[in-house]
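**Q** Sequence:
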Amino acid sequence: GVGIRGLVSIIEQAIIDLLGARGIEAQARPDAPGVYVDGRKIASLGLRVRRGFTYHGLALNVSNDLEPFRRINPCGHAGLEVTSTRQLGIGDDTDLLAQELSQRLADALGLHISDG
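Residues 7 to 122, numbered by the working numbering, are exactly what the sequence shown covers, in order.
FYI, nobody ran anything at the bench for these hints, they're computed from the structure. Built from N, CA and C at the ideal position, the CB exists for glycine as well. The reader is advised that the hints may include incorrect statements.
Computed spacing ranges between beta-carbons, pair by pair [as the list claims (entries may be wrong)]:
no., residue 1, residue 2, range
1, 71, 27, 34 to 42 Å
2, 115, 74, 17 to 25 Å
3, 33, 108, 31 to 39 Å
4, 69, 45, 16 to 24 Å
5, 59, 92, 32 to 40 Å
6, 120, 73, 20 to 28 Å
7, 9, 72, 17 to 25 Å
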């Protein structure tokens with residue numbers, strides 16, 4: 007099996023590859039799950055396993071208003087800045103980015119996405 011840390015790494019790498027295909031260098035941080043561009047967080051993720059079931063979530067900042075993040079400590083890290091694909095100039099088509107990210111995740115996990 008993949009394991010929790012392995013699954014986190016697969017998800018992070020799929021996002022890194024998605025951004026890399028658009029000319030943006032991104033990286034994961036071992037101390038704080040998610041994906042970062044120049045130290046600013048562009049994607050958050052969380053996984054939970056309970057009674058043999060996984061619950062997971064992924065948030066890629068595409069075109070959202072980033073101002074509210076200034077009033078909180080994102081992911082518990084004071085002063086952590088955030089960014090978005092729109093702010094980086096690589097688009098804000100949520101459907102297109104979601105479709106491409108879904109395909110990258112499916113490929114990494116050996117899954118097939120069917121139409122319909």
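**Q** All hints are to be evaluated individually against the structure, with a verdict given for each.
**A** Quick rundown of the hints versus the structure:
1. 71 with 27: 34 to 42 Å: violated, 26 Å
2. 115 with 74: 17 to 25 Å: violated, 32 Å
3. 33 with 108: 31 to 39 Å: violated, 22 Å
4. 69 with 45: 16 to 24 Å: About 21 Å separates the Cβ atoms of residue 69 and residue 45, which means 16 to 24 Å holds.
5. 59 with 92: 32 to 40 Å: Between residue 59 and residue 92, where Cβ atoms are some 34 Å apart, the hint holds.
6. 120 with 73: 20 to 28 Å: violated, 39 Å
7. 9 with 72: 17 to 25 Å: violated, 33 Å
Hint check: violations occur at hints 1, 2, 3, 6, 7; the rest are consistent with the structure.
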